[in-house]
Every structure is written in structure tokens, then in C-alpha cells.
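Top to bottom, those sequences are chains A and B.
In terms of my numbering, the first sequence opens at residue 1 and continues consecutively.
In terms of my numbering, the second sequence opens at residue 1 and continues consecutively.
Rather than coming from a laboratory, the hints here were simulated on the basis of the structure.
Treat the hints loosely; a few may be bogus.
[Said to hold, decoys possible] Computed spacing ranges between beta-carbons, pair by pair: (1) E48(A) / E148(B): 48 to 56 Å; (2) R43(B) / L23(A): 44 to 52 Å; (3) S19(A) / E211(B): 51 to 59 Å; (4) K180(B) / A270(A): 58 to 66 Å; (5) K349(B) / G139(A): 50 to 58 Å; (6) I264(A) / D221(B): 48 to 56 Å; (7) V223(A) / Q116(B): 53 to 61 Å; (8) E66(B) / V107(A): 34 to 42 Å.
No residue lacks a Cβ here, since even glycine has one placed at the ideal position from N, Cα and C.
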Amino acid sequence: MTTARTRRLASTWTLGSISAVALFMLYLPVAVLVVFSFNSARTGAVWESFTLDWYRSIPDDRQLMRAISNSLWIALIATPVSTVLATMLALGMEGGRFRGKRSTEQVLNLPIVAPEIITGVSLLAAMSLALRFLNDVLGRGNADAIRFGRPTILLAHIAFDTAFATLIVRASLRNLDPALAEASLDLGATRWQTFWRVILPAIRPGVLGGALMALTLSIDNFVITFFVTGPGSTTLPIEIYARLRRTISPSINAVATLIFAASIVVLVAALFAQALGSAKRKPSAEAPVQGG
Amino acid sequence: MSSHRVIKAVLLAIAPVLLIASCANDDGDADGAGSGDAPVTGRCGDESKLGDSLNFYNWADYIDPEVLTDFEAECGVAVTMDTYTSNQELIAKLQAGNSGYSLVIPTDYAAEQIIQSGLAQKLDKSQIPNAKNIDPNQLGFYYDPANEYSLPYQYSTTGIAYNQTAFDTPPTSWSAIFDKNEHCNKSSILDDQYEAVGAALVYLGYEFSSEDPEGHAKARDLLIEAKKCISAFDSANFIGNLASGEVVIAEAWGFAAGIARLDNPDVKFVVPDEGGIMWQDNFMIPSDAPDAYTAHVLINYMLEADVGAKITEFILGFTPNLEAAKLLSDEYTALIEDGGIAVDDEVRKRLTPSEHGSSELFSSTWNAVVTSG
Chain A
1 MTTARTRRLA STWTLGSISA VALFMLYLPV AVLVVFSFNS ARTGAVWESF
51 TLDWYRSIPD DRQLMRAISN SLWIALIATP VSTVLATMLA LGMEGGRFRG
101 KRSTEQVLNL PIVAPEIITG VSLLAAMSLA LRFLNDVLGR GNADAIRFGR
151 PTILLAHIAF DTAFATLIVR ASLRNLDPAL AEASLDLGAT RWQTFWRVIL
201 PAIRPGVLGG ALMALTLSID NFVITFFVTG PGSTTLPIEI YARLRRTISP
251 SINAVATLIF AASIVVLVAA LFAQALGSAK RKPSAEAPVQ GG
Chain B
1 MSSHRVIKAV LLAIAPVLLI ASCANDDGDA DGAGSGDAPV TGRCGDESKL
51 GDSLNFYNWA DYIDPEVLTD FEAECGVAVT MDTYTSNQEL IAKLQAGNSG
101 YSLVIPTDYA AEQIIQSGLA QKLDKSQIPN AKNIDPNQLG FYYDPANEYS
151 LPYQYSTTGI AYNQTAFDTP PTSWSAIFDK NEHCNKSSIL DDQYEAVGAA
201 LVYLGYEFSS EDPEGHAKAR DLLIEAKKCI SAFDSANFIG NLASGEVVIA
251 EAWGFAAGIA RLDNPDVKFV VPDEGGIMWQ DNFMIPSDAP DAYTAHVLIN
301 YMLEADVGAK ITEFILGFTP NLEAAKLLSD EYTALIEDGG IAVDDEVRKR
351 LTPSEHGSSE LFSSTWNAVV TSG
């Protein structure tokens, strides 16, 4: 008895301390970054005094603002598009057997497995080919050619976002009892109604998770974006990287802090939405049991 | 056969998406260019030929952003600037073709490569009357002897930046970093195959661009020894480290020493006795530039005396523009002169242009250094 208890206690302690160290290592740099975004010193790791100047300077920095708006534009379009695609794909893949299912699966996993740099280079090659073809067909010259820019980045992001989001949606579909859909169809609902009223509510956490994943990946992506960017379409990660070459500007710390704060807000909102969803579902699911 | 058809089908399928999206993008990029009501100043060229917008590809942090907003207000051209952090990035973009940029700023050796690959177009000097302001000393370099394709934008040097409080007698030789470094873990060497290996070659009595195998073997051994002492090969954070005092001696660019000196007046710069490097960044117009005319106008604008002075005071490099040099502020002059950054005739004798040797040889030497235990 006592030995078992000590062992359990010891394992709890080890687990606890390892987690603490891991969390510490993960969040200490973020904490440093947040602190330094309020530091009036321009360079070095020395605390001078508290200031909000770096935050105030963000709106006046045209290039930074452009990078932020590019990143948001791309992420806010890529996320819904890839989430819808991912849900459709997941339903198709989990729903039935069809020719080419395995190869679809492999192709879909490619962007996840392949190193980003490979995806980037191949997208660059394919898209330049496509653009050249397009410019030839439309007879556009140097002055008005269609080039790399936000649209090409958007396409690239939708491609890898969809792959990751599908993975998550499929996972939640797999946990779904197929009897639910069968029952719904059996009781006279159309396939469409079954999807909206039964399947979608049940897999909502997965869809939401997929969307969140897509949003994060899109805002975050550097390597692939780097290859398919064009004039005026620099995204935030690329802009930040370019700026690091001179000295780490405190305004970059400020932007990073704001992004961190925004992601916490989004995360908390997503958790709330999920909690709300399951809270709503529970009573209705238990009702028939109580009634019976 | 069939794969050909598949490709065609895919291209046709995504074509409308690209087209629609590119049109949408065009609207978004015009961010508030007040093109209609720009006052005529005589610095904007022929307004009827001037475009509404221009894509400019420049080094990061390499222009006072005000210059571009001023140009927009004065001439009604909205300049979209993207930035790169290495010449390789720039060359890759140009080689991919159809980059969309009308003006780029390559460093000397990259300019040579761009000219040789046919990626640049000849400048129309009649559109750039301000070229007369340029110091003849900064023209006719090896990469473009007749300046057919390029005009100088800004130049600076590579030498040693140091913190004067850490030295009883200021360093005057590369040995202070490469050989008899007394500040282990408080020193750095530029993280670049040409800057690092080239400087080591110069210290050993060879040319900066030497391809002598014996010289490269010696430079490699020297750098491997030096690596044990320095805190890092670093071309990014050393400015901040110099300013904060974490690094007290570093191979550095003159303008970088200037930036560090803004925050820490103890930072000084020296071109070592064995010799330093002078490099120059240049205006160039890509051969497939969408709007070469407007690019010429912007080059001419940046060669105006007041604009040139503004650019140099921001970068803290040197202006090749003799008229701009007259307008430089006292603060700038004091920073450059007291910091030992200035190039006078005596220093100029010790500077070699950054002509580059074979990249295979330099990168194999550099790789041997970087991968050494």
C-alpha cells in the first residue's frame, strides 16, 4: 500500500516537474519578448524604462501595416475556403469506398509529409509555368503581366491548410457513430438535412479545430510563402525576417506581442465555442434516456 | 501525351482564379496615391509618361521611408517596396523572370552577375541628368566599367568595429580578430563566405578575391582557430551586441558601426592596416521591368542633392553624390568622423573593391570552417 502510494506520488512529482520545465522553456522566451516590447532601449538586452512608443509606432509604419494586412487578407480567406474543402474531403473519405481513395489519401498527405521547402520550390515552378502560359494566352507584356502576389500565396496556403484541416476533421468523423447518420436517413431526413442537422453539429469541434489549425498555419507560414510572394505581397513573417537583419527592432517585439495576445483571444474563444456546443448537446442527448 | 493534357487542364482551371484575384489585388495596392494633384516640381520627369505606381526591390532598412512618401507626394507615384536580405535572394527573384520590379539595388559583385546573365537593361542617361552629381571615384568599377547598366546608390566599407573602453591601444590589424584575439566570447566575424574568407585572405597578404589554393588553405586554418575564440559568425545581431557591449570587437561594415555608435558612442571603426574592403550598392533596372521610365525618374529623384543626403543620413553609409555630400548634417559628419568610419584619401588607399573570386572555392573553404568541430 505505502510503496504503491509513494510510487504514485513520485511519478506525479516527476511528471509535474517535467511539465513545469517544459512549460517554462516554452513560455520564458515569450515572456522576455513581451517584457522587451515595453522597453525604451533600442538595442541589447538591457532594461531601460517603460514605454508604449513601439506600439504607437506600428500604425505609422507603412511597410509593417501592409505586411499585417496581407497576412490577414490571406489567412481570413484561406481559412474558410480550406475548412469547407477539408470537411467535404473528410466526409468523402470517411463516408464510403471509391476508386482512387487511397491515392487521394496519399496526395492529401503529401504537403504534410514533404518538407516545406520542396513544396515551396515546386509551387514556384508550377505557378511560374502557369503564369507564363496565362500571360501568353492573354497577350500581356512586361507592363501588365499577371505575376506572383497575394493570389498565388492564397492558393498555396489553401493547399497546405486543406491537407492539415482534413486530418483533423477526419479524426472527429471517425469517432462519430455511423448509426446516427443511418438513423437520420432511416427516419426520413434527406442527405442534406442529415449533414446539417446531425453530422455537422456532431463534428463541429473537429471542424473548428481544423479551421483554427488552418488560420494558425496560414499566419505563421514562412518557407512556402517566401517562394510564391510577389511585389507588394510581403507577409508578416517575411517582413519580420527581413527586419531582423539590421537589429531586432522593438517594434517587432510589439507586433509579436500583439499577435500572441490575439492568438490567446482566438484560442479562448474557440474553447468557449466548443464548450458551448457540447453543453447544448448534452441535455438533448440525455433527454430520451431520462424520458424512457 | 496525357500528362500534357492534364497540365493544360489544370492551368485552364486555375487561370480564372488567378485572373480574378490579380485584378482584386491591383486595386488593393494603390494605397492612397494622390496622383491627380501632385504639384509640378521639375523633379518628376514627364508626367504624361510617369506611371501611377512602381515596384521597388531594396535591401531591408536601406532607405529612409520618408523618401518614398515624399516621392509619392511630389510626383504622385506610389512606390511599393519589398525587401531582401541577400544578393542571392534578389538574383533568384530576377532569374525566375517576370518579377514585377522596376528598380533593384544589387551590390557590386551581384550587379556583375545580373549584367552577365542579361537580367538588367541599359540605363538611359538622358533621363538621369543628376548623374552629373556622382563622384567620379565611385564610377567605372569592374562590374560595369562604363556604367552602362548601373549607377551607384550607396557605398560603405568592411573593417573592424570595436568598443574603445575594452582596448588600451585601439586595434589596427585584422590580427585582433583572426590571430591574437584577446576578447574571446566577446567578438564576432561576419557570417558570409566572402566577407569572412576574403578578410582572412587579406590579413594573410593575399587579394580579397584570391583563388590561390595555398591562401585558401591558410585562411581556412586561420578561421578554424579564430572560430574557437569568437562568440559567433554573425551578420545580423552584431550591431545590437556592439551597442550593448556584449561584443567588443567584430568584423563589421562601416555603416553598421555607425548604427551601433548611435546607441553607444564608445563603438569605433577602423580599416585595418592590411586592408579593408569597399563595396557599393547600385541602382539597376531589370530587363523585364514593367515601368522602366518611372524607374529612371525615381533614380534621378534619389540622386537629387537633398534626397541623397536624407538617404545617407538614414543608412549611415557614404553617398556617391557630391552634391548630397555638401548637405549632410553635422550630426552625421561628427558620427562618421569621430567614429573612424569616414573614408579619406589615406584610408581609400587601403581599400580594395569587393570583387569576388570563384564561389565554389570560397564556399568550400567556408564550409570547411563552418563545419569544423
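Please list, smallest to largest, the hint numbers that this structure does not respect. 2, 7, 8
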